[in-house]
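Build the complex from these two chains, which are given one at a time in their own frames, with help from the hints.
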Amino acid sequence: MRSRYFPPSLAADPVPMRDIRLLDQMFLPGTLIGPFTNANPGLGGVCTFVGEVRFDDGVEALELTHYEPLTLPGMHALADRAFARFTLMGLLMVHRVGMMRPGEPIVCVSAAALHRRDAIDAVDFCMDHLKSAAWFWKREKRAGEWHWIEPREQDHSDLARWQG
Amino acid sequence: MIRVVYLGKLADIAGKPESQFGASDGELDWPDLVEVLRNHVNPAISEAVEDSRTRVAVNGELLADKTYLVAKHGDEVALLPPVSGG
Chain A
0 MRSRYFPPSL AADPVPMRDI RLLDQMFLPG TLIGPFTNAN PGLGGVCTFV
50 GEVRFDDGVE ALELTHYEPL TLPGMHALAD RAFARFTLMG LLMVHRVGMM
100 RPGEPIVCVS AAALHRRDAI DAVDFCMDHL KSAAWFWKRE KRAGEWHWIE
150 PREQDHSDLA RWQG
Chain B
0 MIRVVYLGKL ADIAGKPESQ FGASDGELDW PDLVEVLRNH VNPAISEAVE
50 DSRTRVAVNG ELLADKTYLV AKHGDEVALL PPVSGG
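Taken in order, these protein sequences are the chains called A and B.
Quick note: the first sequence, position 146, residue 145 per numbering that gives the first Met the number 0, numbers continuous.
Quick note: the second sequence, position 4, residue 3 per numbering that gives the first Met the number 0, numbers continuous.
Here chain B stands alone, though its shape is the one from the complex (with noise of 0.2 angstroms):
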C-alpha cells in the first residue's frame, strides 16, 4: 500500500487526514495518483493536488517536479498546500 497524506486544507477538501492506495503494478505515477484520488476520493481534491502551487514529498523528500513522482509499496506521499507561514 502506498500511503498519501493530505496537509492543510487538503485534508478539508478530501475529508480526511490521509489514505492508503494499492497499485495493481506495484507503482504509482503522477497521472494514476489524480486518477486514484478523483475516482476514489473525489475531484475537488484531485484539481487541488493538480494546483501548480501544491507541492509533493515522497518520504519526506520533496519533489522538484511532482510529475516525476514514482511511489512505490511502503511509500508515503505528502500532499503539501502552500504554506501559510508561522
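Chain A extracted, bound-state conformation (with noise of 0.2 angstroms):
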C-alpha cells in the first residue's frame, strides 16, 4: 500500500505570518521566536533581532511613550512596506513601552523568508525605521533625574540607506 504524502507547501499557510505588538510589560524574546519560526513551516531562513535597554553611565531607567492611535498603526504600515519590499514569509515585530531597566528587552524583530537576503534586510530595515521614524518618545532617568532624549543625527542617515 502506498503511504499518502503531502508536500509540506501544501500544507503551509499561503497568507504572510504577521504579528505586530506593543507589550507594556517584560517580555522574554525567546518566548516569541520559537512558536514565530513554528508558524512559518518552509522557511528557509529565520533572522532575529533583539535590542536591550544599554547599561550607558548612570542611566538608571528608560521610559518610553506612545500615541496609541499613531503608534501601532504606525508599525503596522511599517510591516506592509517590509512586505512589499522583501519577498518575506512572516514578520514579527514587538515593541516595549512604559519603564525599563538597563539590559531590559525593548525591541524584537523577526523575518522568515525563503532566502536570507530578505530576511536579513527586512529586519535591518524594519530597525532603522523603527529607530527613526515610530512614534515614540524616550525619556532616561539619570541620578534620579528624567532627561529627554533628542532624535540623533545617526538615526537619520541611518534611514537614508533605505531610499532612492
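Derived from the structure by calculation, the hints contain no laboratory data.
Quick reminder that beta carbons are idealized off the backbone N, C-alpha and C, glycines included.
Treat the hints with care, as some may be off.
With the Cβ distance kept under 10 angstroms, some of the chain B side facing chain A (calculated, not the full set) [to be verified]:
1. Lys8
2. Glu34
3. Val40
4. Arg52
Pulled a few chain A residues facing chain B out of the computed Cβ check, cut under 10 angstroms [what the hints assert, rightly or not]:
5. Pro68
6. Trp147
7. Ser156
Computed footprint of chain B on chain A; a stretch qualifies when at least three of its residues, placed anywhere within it, have a C-beta under 8 angstroms from a C-beta of chain B [as the list claims (entries may be wrong)]:
8. 26 to 38
9. 53 to 66
10. 110 to 118
11. 135 to 142
Listed below in C-alpha cells is the structure:
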C-alpha cells in the first residue's frame, strides 16, 4: 500500500504571517521567536534582532511613551512596506512601551523568508525605521532626574540607506 | 470640548498630559490653538508647538500642514514633538 504524502508547501498557510505588538510589560524574546519560527513552516531562513536597554553610564531607567492612535498603526504601515519590499513569509515586530531597566529587552524583530537576504534585510529595514521614524518618545533617568532623548543624526543617516 | 494631548516633552512643558478647550463658535483653527495655549496653559508650550518639527494629528490622522488645522467639538488633537525613536 502506498503511503500518502503531502508536501509541506501544500500544508503551509499562503497568507503571510504577521505579529505586530506593543507590550507594556517585560517580555522574553525567546518565548516569541520559537512560536514565530514554527508558524512559518517551509522557511529557508529566519533572522532575529533583539534590542536591549544599554547599561550607559548613570542610566537607571528608560521610559518610552507612545500615542495609541498613531504608534501601532505606524508599525503596521512599516510592516506593509517591509512585505512590499522584501519577499517574506512572516514578520514579527514587538516593541516595549513604559518603564524599563538596563538589560531589559526593548524591541524584537524577526523575519522569516525562503532566502536569507530577504530575512536579514527586512529586519535591518524595520529596525532603521523603528529607530528613527516610529512614534515613540524616550526619556532616561540619570541620578534621579528624567531627561528627554532628542533625535540623533545617526538615526536619520541610517534611514537614508533605504531611500533612492 | 476639544481634547488636546501633549506627547513627549510637550507634556513636561505644558505641565500636564492633556487639556480640554471649548471654542465659542465650535471650531478651533491653528492660530486659535496657539493663542489658547499661550493664554490658558503657558507661553512656552505655544512656542514649542510652533516649532517646525512639531507635528499635529487630529483623531489619529497626521496633518501634512498643521496650520490647516480645524478642530471641532469632540475632536482629539495630538501635539507631537520630534520622535526619539524606538
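Verification of the hints:
For lysine 8 of chain B, the interface hint holds, the least distance from its beta-carbon to any beta-carbon of chain A being 4 angstroms, beneath 10 angstroms. The interface hint given for glutamate 34 of chain B is broken, as the beta carbon of that residue sits about 24 angstroms from the closest beta carbon of chain A, more than 10 angstroms. Hint on valine 40 of chain B is violated. Least Cβ distance to chain A is approximately 18 angstroms, over the 10 angstroms limit. Of the supplied interface hints, the one on arginine 52 of chain B holds, with its beta-carbon coming within about 8 angstroms of a beta-carbon of chain A, less than 10 angstroms.
Taking 10 angstroms as the C-beta cut-off, the interface hint given for proline 68 of chain A holds, the closest approach to chain B being about 3 angstroms. Annotation: interface hint on tryptophan 147 of chain A holds; nearest CB of chain B at approximately 4 angstroms, less than 10 angstroms. Checking serine 156 of chain A against chain B: minimum C-beta separation of about 13 angstroms lies over 10 angstroms; hint violated. Figure legend: the segment 26 to 38 of chain A, annotated as covered by chain B; annotation inconsistent (0 residues with Cβ-Cβ distances under 8 angstroms, at least 3 required).
Residues of the segment 53 to 66 of chain A lying with their CB closer than 8 angstroms to a CB of chain B number 3, which satisfies the three-residue condition for coverage. Closer than 8 angstroms: that is the beta-carbon criterion, and the segment 110 to 118 of chain A has 0 residues meeting it against chain B, so the requirement of 3 is violated. With a cut-off of 8 angstroms between beta carbons, the segment 135 to 142 of chain A has 4 residues touching chain B; three or more are needed, and the interface restraint holds.
Consistency note: the structure conflicts with the earlier hints numbered 2, 3, 7, 8, 10.
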